[in-house]
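Participant: Go ahead and model the full structure; you've got the sequences and the hints to work with.
So the protein sequences, as listed, match chains P and E. For reference, each letter of the first sequence is one residue, going 1 to 149 in the numbering used here. For reference, each letter of the second sequence is one residue, going 1 to 77 in the numbering used here.
Please keep in mind that the hints were generated in silico from the structure rather than gathered at the bench. Since the structure is predicted, the reported quantities are computational estimates derived from the model, not experimental observations. Among the hints, a few may not be true.
Said to hold, decoys possible - Beta-carbon label-pair distances, calculated as ranges:
| id | chain 1 | residue 1 | chain 2 | residue 2 | range |
| --- | --- | --- | --- | --- | --- |
| 1 | E | VAL3 | P | VAL7 | 38 to 46 Å |
| 2 | E | LYS66 | P | TYR19 | 57 to 65 Å |
| 3 | P | PHE16 | E | ALA29 | 33 to 41 Å |
| 4 | P | ARG68 | E | GLU52 | 47 to 55 Å |
| 5 | P | TYR141 | E | PHE44 | 16 to 24 Å |
| 6 | E | THR27 | P | ILE103 | 51 to 59 Å |
| 7 | E | GLU22 | P | GLU77 | 21 to 29 Å |
Claimed, not checked - Calculated pairs, DSBU-like style, for lysine-lysine (alpha carbon to alpha carbon, straight line, at most 35 Å):
| id | chain 1 | residue 1 | chain 2 | residue 2 |
| --- | --- | --- | --- | --- |
| 8 | E | LYS38 | P | LYS69 |
| 9 | E | LYS66 | E | LYS40 |
| 10 | E | LYS40 | P | LYS69 |
Just so it is clear, CB atoms sit at the ideal spot from N, CA and C, and this is done for glycine as well.
The chain contents come next:
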Amino acid sequence: MSRNPLVRITKLLLDFMFYFGILICLTVPFIFKVIGRYYTIFEEFYLPFCIIFMVSGVFALLLLWELRKIFKTVMLENPFLVENVVSLQRMGICSFVISICMIFRLVFIITPAELLLVGVFLIAGLFSIVLSLVFDRAVSYKEENDLTI
Amino acid sequence: MIVVNLDVVMAQRKMGLTELSEQVDLTMANLSILKNNKAKAMRFTTLDAICEVLNCQPGDILEYVKEEKQGKEDKDE
Numbered sequence: 001m002s003r004n005p006l007v008r009i010t011k012l013l014l015d016f017m018f019y020f021g022i023l024i025c026l027t028v029p030f031i032f033k034v035i036g037r038y039y040t041i042f043e044e045f046y047l048p049f050c051i052i053f054m055v056s057g058v059f060a061l062l063l064l065w066e067l068r069k070i071f072k073t074v075m076l077e078n079p080f081l082v083e084n085v086v087s088l089q090r091m092g093i094c095s096f097v098i099s100i101c102m103i104f105r106l107v108f109i110i111t112p113a114e115l116l117l118v119g120v121f122l123i124a125g126l127f128s129i130v131l132s133l134v135f136d137r138a139v140s141y142k143e144e145n146d147l148t149i
Numbered sequence: 001m002i003v004v005n006l007d008v009v010m011a012q013r014k015m016g017l018t019e020l021s022e023q024v025d026l027t028m029a030n031l032s033i034l035k036n037n038k039a040k041a042m043r044f045t046t047l048d049a050i051c052e053v054l055n056c057q058p059g060d061i062l063e064y065v066k067e068e069k070q071g072k073e074d075k076d077e
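Facilitator: Structure follows, in structure tokens:
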């Protein structure tokens, strides 16, 4: 088990984000009702915004779930596994889906923050896919090293 | 393919896996990988240590065997 405090703190942060994310995702319709009182755009496009945010929320949760799985192996000091390669690929797909959801939101409202979110998740997805390829090579090197006596 | 005949040499020398692992300074797990032909590569230092302990030549431990399966596949192609 890793004794690195940074790894443990990050794992705790991820756990918090995951469980808090579930809560937020489930209460999106209620939250948007409340926000709609102050920002008319949320009242005007209540249903599409609910759908877009809940779908992207679910994929964000899936992304966090995969990240937690990777961190569990990091804590066990054995991160170079094929499972982590698959997790990184899934994280990339989740990022792309979130990015697409944000693009759909641009139909209703265009703000600099929205454009930034689209870009961030698009780049995050690309990084994740590239990282999965790097990890794949690392896994094969590790396997070869493990089987060199 | 290269076949490791470590078990044959060990049997000839009447030496067990535990004894060999202690003398060669290898873990039982690694020695088992080697003995069961699961290893992908072998270090010269390991080969040197095994040959010294078992008093044999590398050729006694390692053997090249032609793979018949691959030959059949080549013919099919």
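Participant: Which earlier hints can't be squared with this structure?
Facilitator: Nothing - there is no hint that the structure violates, so all of them hold.
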